[in-house]
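K.L.:
Quick note: the sequence shown, position 48, residue 47 per numbering that gives the first Met the number 0, numbers continuous.
These aren't lab readings, by the way, just hints derived from the structure by calculation.
Every residue, glycine too, gets a C-beta built ideally from N, C-alpha and C.
Warning: the hint list may mix true and false statements.
What the hints assert, rightly or not - Simulated restraints on C-beta separations:
| no. | residue 1 | residue 2 | range |
| --- | --- | --- | --- |
| 1 | Ser56 | His2 | 28 to 36 Å |
| 2 | Ala12 | Arg57 | 38 to 46 Å |
| 3 | Ala49 | Met79 | 30 to 38 Å |
| 4 | Val23 | Phe51 | 34 to 42 Å |
| 5 | Leu14 | His38 | 30 to 38 Å |
| 6 | Ser56 | Ala30 | 22 to 30 Å |
| 7 | Leu91 | Asp41 | 36 to 44 Å |
| 8 | Ala10 | Phe51 | 40 to 48 Å |
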Amino acid sequence: MAHSIAFARAAEAALGIQAPERAVYLRALMAEIERLANHVSDIGTIAADAGFAFLESRFALARERFCAVAKLAFGHRLMMDVVVPGGVAGDLAEGRAR
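From just these sequences and the hints, can you work out the full model?
P.N.:
As structure tokens, this is what we get:
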């Protein structure tokens with residue numbers, strides 16, 4: 000997600016365009032969801048390395064919940080192809096974000 004946002008911002012700067020304010024907020028929300036999912040996954044891996052398989056499974060479940068939220072909100076578990084130069088490919092559909 001961070002690479003997609005960086006590319007989109009670089010393309011926008013090169014073209015002299017600006018993404019709408021709502022798209023900027025949606026990009027930030029996507030980046031935060033991805034960040035949380037990655038941190039939860041990393042903590043689970045650290046727990047596994049320390050021999051706590053139960054904790055690893057709980058953190059893996061938590062990561063899956065973040066991915067499910069992303070799919071519900073943005074249509075893709077890993078939010079691929081959602082950020083495009085000039086904005087975002089879609090918006091939060093009514094009733095999808097809970």
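K.L.:
Determine for every hint whether it applies to the structure shown.
P.N.:
Now for the hints, and whether the structure bears them out:
Between Ser56 and His2 the C-beta distance comes to about 29 Å, which sits within the given range of 28 to 36 Å. Checked against the given bound of 38 to 46 Å, the beta carbons of Ala12 and Arg57, roughly 42 Å apart, stay inside it. Evaluation of the 30 to 38 Å hint for Ala49 and Met79 yields a pass: the beta carbon distance comes to about 32 Å. The supplied range of 34 to 42 Å is met by Val23 and Phe51, whose beta-carbon atoms lie about 39 Å from each other.
As the Cβ distance of Leu14 to His38 is approximately 33 Å, the hint placing it in 30 to 38 Å holds. Range check, Ser56 to Ala30: about 26 Å between beta-carbon atoms, so the 22 to 30 Å window is met. Distance hint check: the CB atoms of Leu91 and Asp41 are about 27 Å apart, inconsistent with the given range 36 to 44 Å. Between Ala10 and Phe51 the Cβ separation comes to about 43 Å, which falls inside the hinted range of 40 to 48 Å.
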